[in-house]
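Asks: Chains as they are written, first to last, in the working numbering: chain Z, 183 to 479; chain L, 5 to 276.
Just so you know, these hints were derived from the structure itself, not from any lab. Since this is a predicted model, take the numbers as computed values, not measurements. Errors might be hidden in some of the hints.
[Claimed, not checked] Computed Cβ-Cβ distance ranges for the label pairs, DEER-style:
| id | chain 1 | residue 1 | chain 2 | residue 2 | range |
| --- | --- | --- | --- | --- | --- |
| 1 | L | Ser175 | Z | Asn361 | 28 to 34 Å |
| 2 | L | Val202 | Z | Asp274 | 23 to 29 Å |
| 3 | Z | Leu429 | L | Val202 | 50 to 56 Å |
| 4 | Z | Asn299 | L | Gln106 | 52 to 58 Å |
| 5 | L | Asp58 | Z | Arg478 | 52 to 58 Å |
| 6 | L | Lys139 | Z | Asn361 | 19 to 25 Å |
| 7 | Z | Tyr193 | L | Gln165 | 54 to 60 Å |
| 8 | Z | Gln197 | L | Gln119 | 48 to 54 Å |
| 9 | L | Gln262 | Z | Pro356 | 44 to 50 Å |
[As the list claims (entries may be wrong)] Some chain L residues well away from chain Z (every beta-carbon gap over 12 Å; in silico):
| id | residue |
| --- | --- |
| 10 | Lys139 |
| 11 | Arg145 |
| 12 | Asp159 |
[Claimed, not checked] From the structure, some residues in chain Z lie toward chain L, with a derived Cβ separation under 10 Å:
| id | residue |
| --- | --- |
| 13 | Thr215 |
| 14 | Arg268 |
| 15 | Glu339 |
| 16 | Ala352 |
| 17 | Leu448 |
| 18 | Pro451 |
| 19 | Ile455 |
Virtual Cβ for every residue (Gly too), placed ideally from N, Cα, C.
Chain by chain, the residues run as shown.
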Amino acid sequence: MLEALLEPLQYGFMQRSLIVAILIGLICAVVGTYLMVQRLALLGDAISHSVLPGLAVAFLLGANIFVGAFIAGVLSTMAIAVIRTRSPIKEDAAMGIVFSACFALGITLITLIQHDNKIDLNHFLFGNILGVSPAQLWQTAAISGLVICVVVLLYKELLFYTFDPLGAQAAGLPTNLLNFGLMLLIALTIVASMTSVGVILVLSLLITPGATAYLLVTRLHQVMILGSAIGIVSSINGMYLSYFFNLPSGPAIVLVASTLFVLALLFSPNHGILTQPQTHLGEPMAWRELKALLRRR
Amino acid sequence: MNVGTFPHNLDISSLSQWNGVQKAQFRRQAEVIADTITISHLSAHYRSTLALEDLSFVVQPGRLVGIFGPNGAGKSTLLKAMLGLIPNVTGSVLYGDRPLSQQLERVAYVPQRTQIDWSYPATVWDVVLMGRVQKTAWFSRFSAASRRIAAAALDRVGMSQYRDRPIGQLSGGQQQRVFLARALAQEADVFCFDEPFVGIDQKTQDIIFGIFHELTDSGKVVLVVNHDLGESIAHFDDLLLLNRQLVAYGARVQVLTQENLHRAYGGSVIAA
Numbered sequence: 183m184l185e186a187l188l189e190p191l192q193y194g195f196m197q198r199s200l201i202v203a204i205l206i207g208l209i210c211a212v213v214g215t216y217l218m219v220q221r222l223a224l225l226g227d228a229i230s231h232s233v234l235p236g237l238a239v240a241f242l243l244g245a246n247i248f249v250g251a252f253i254a255g256v257l258s259t260m261a262i263a264v265i266r267t268r269s270p271i272k273e274d275a276a277m278g279i280v281f282s283a284c285f286a287l288g289i290t291l292i293t294l295i296q297h298d299n300k301i302d303l304n305h306f307l308f309g310n311i312l313g314v315s316p317a318q319l320w321q322t323a324a325i326s327g328l329v330i331c332v333v334v335l336l337y338k339e340l341l342f343y344t345f346d347p348l349g350a351q352a353a354g355l356p357t358n359l360l361n362f363g364l365m366l367l368i369a370l371t372i373v374a375s376m377t378s379v380g381v382i383l384v385l386s387l388l389i390t391p392g393a394t395a396y397l398l399v400t401r402l403h404q405v406m407i408l409g410s411a412i413g414i415v416s417s418i419n420g421m422y423l424s425y426f427f428n429l430p431s432g433p434a435i436v437l438v439a440s441t442l443f444v445l446a447l448l449f450s451p452n453h454g455i456l457t458q459p460q461t462h463l464g465e466p467m468a469w470r471e472l473k474a475l476l477r478r479r
Numbered sequence: 005m006n007v008g009t010f011p012h013n014l015d016i017s018s019l020s021q022w023n024g025v026q027k028a029q030f031r032r033q034a035e036v037i038a039d040t041i042t043i044s045h046l047s048a049h050y051r052s053t054l055a056l057e058d059l060s061f062v063v064q065p066g067r068l069v070g071i072f073g074p075n076g077a078g079k080s081t082l083l084k085a086m087l088g089l090i091p092n093v094t095g096s097v098l099y100g101d102r103p104l105s106q107q108l109e110r111v112a113y114v115p116q117r118t119q120i121d122w123s124y125p126a127t128v129w130d131v132v133l134m135g136r137v138q139k140t141a142w143f144s145r146f147s148a149a150s151r152r153i154a155a156a157a158l159d160r161v162g163m164s165q166y167r168d169r170p171i172g173q174l175s176g177g178q179q180q181r182v183f184l185a186r187a188l189a190q191e192a193d194v195f196c197f198d199e200p201f202v203g204i205d206q207k208t209q210d211i212i213f214g215i216f217h218e219l220t221d222s223g224k225v226v227l228v229v230n231h232d233l234g235e236s237i238a239h240f241d242d243l244l245l246l247n248r249q250l251v252a253y254g255a256r257v258q259v260l261t262q263e264n265l266h267r268a269y270g271g272s273v274i275a276a
């Protein structure tokens with residue numbers, strides 16, 4: 183059994199995949215926890231879809247794809263902010279507009295260039311953790327180091343800001359800068375993760391491990407640490423599933439993370455559906471309303 | 005500047021043994037303590053409507069000031085505008101001789117309890133320690149002194165035994181007391197509370213008023229937004245009646261007239 187697990191690691195590409203799996207499991211959970219507690223899960227989705235045109239343009243220009251994706255992610259965040267502040271359109275609608283437009287542009291561009299540049303649209307959409315190059319490994323490591331440093335160094339300020347933005351602003355904290363910094367961390371994390379899980383499924387690694395941990399522990403740093411452990415376990419498991427069964431790596435990782443979430447949802451000591459006594463047993467309200475309507479006829 | 009240890013109510017004229025330089029120094033520091041908040045022609049726009057219209061008044065330290073008015077009168081907006089938390093504000097708010105919004109390290113602001121997501125993964129202790137963030141250097145951990153101050157603040161609101169409790173498991177009154185402890189831990193000179201008495205128990209209300217009076221007795225500025233015109237109004241020294249415009253401001257007994265209440269609330273209110 184152990185030999186079967188160690189056997190793939192004799193290959194350089196598997197070693198790189200393993201390290202990348204650990205790194206993105208870690209930083210996605212940490213950064214995603216901030217998204218979850220601020221109820222900004224949709225923003226993670228928006229940024230991740232928006233990096234696609236940046237990737238395509240970087241390929242066309244021969245530039246670094248991480249840089250291209252990062253610039254696209256930041257531009258889309260700014261576009262969302264402009265629509266939200268300069269028009270009566272609400273934030274969630276603005277996100278929906280920007281991310282679908284960027285995604286469409288990205289798919290169009292990549293479809294146009296993929297034949298000439300020998301790239302595969304599917305790898306961007308769903309990830310290819312087994313194809314990580316040494317350069318990508320180093321970039322992922324650098325981004326991870328930066329993200330972890332910033333979160334550790336600004337932990338108390340970010341805790342205050344994400345819990346009570348107005349109170350933090352009134353205490354004199356530079357909340358706009360903190361918010362901008364948080365957005366940069368999210369964009370960097372998504373860029374680092376897209377090669378392994380793809381831009382569509384990165385949201386799962388951002389939200390699911392943190393949400394799973396949230397069902398089990400009660401403080402922000404505990405959610406981040408346990409979430410990271412869950413994220414790392416999911417990525418490594420997904421990577422092996424991808425290797426042994428020739429599955430697409432992104433979906434494999436996401437399915438492991440989602441399974442762990444369902445387990446926590448059912449069996450969490452404090453919030454589990456099966457461990458907590460039901461407060462309101464009986465038929466769902468909609469069903470009751472439907473019966474009442476039918477009876478009246 | 006540490007003004008907290010300075011005696012607030014010392015009579016300067018009796019200090020005949022002091023030389024002139026010392027007296028002048030003391031007077032300067034005493035002025036810092038006795039800073040008033042001067043609001044001049046404050047207006048706030050929200051989208052295209054005028055939420056606050058040309059307010060001018062002076063808040064004296066050492067007096068418990070209640071800001072009253074009907075729903076939509078701009079009470080919360082007034083606090084936020086004074087602290088510079090919202091855009092589209094004109095006019096000036098001076099604390100001493102400098103804008104209040106440039107001295108936010110001296111301000112403790114407690115938002116409405118309902119504006120907070122209480123399912124946030126944090127304990128009571130985490131929230132009280134937030135009051136020490138501003139007093140702690142960037143990239144640093146909380147000092148032992150900060151932890152002592154936070155623990156003392158939590159003790160003062162009677163919540164020490166709930167230190168490790170997740171905030172989502174607290175009652176409304178307990179949540180409000182945790183926020184009060186956070187404000188106390190900030191060791192501020194100006195305290196602004198937005199609707200602290202909504203949905204809380206009698207015990208919490210008594211604790212909160214007790215602490216408000218302690219704060220005003222030590223010369224702090226305490227502003228409390230409230231809309232309840234019940235018995236508790238007797239706790240306030242000064243009242244500000246607001247209905248987008250300043251209806252009346254001054255000592256409670258002078259402000260609480262039928263005519264003023266009618267102008268603020270319309271015909272629907274019987275004087276408290």
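Asks: Okay, which hints does this one fail, numbers in order?
Replies: Hints 10, 11, 14, 17, 18 and 19 not satisfied by this model.
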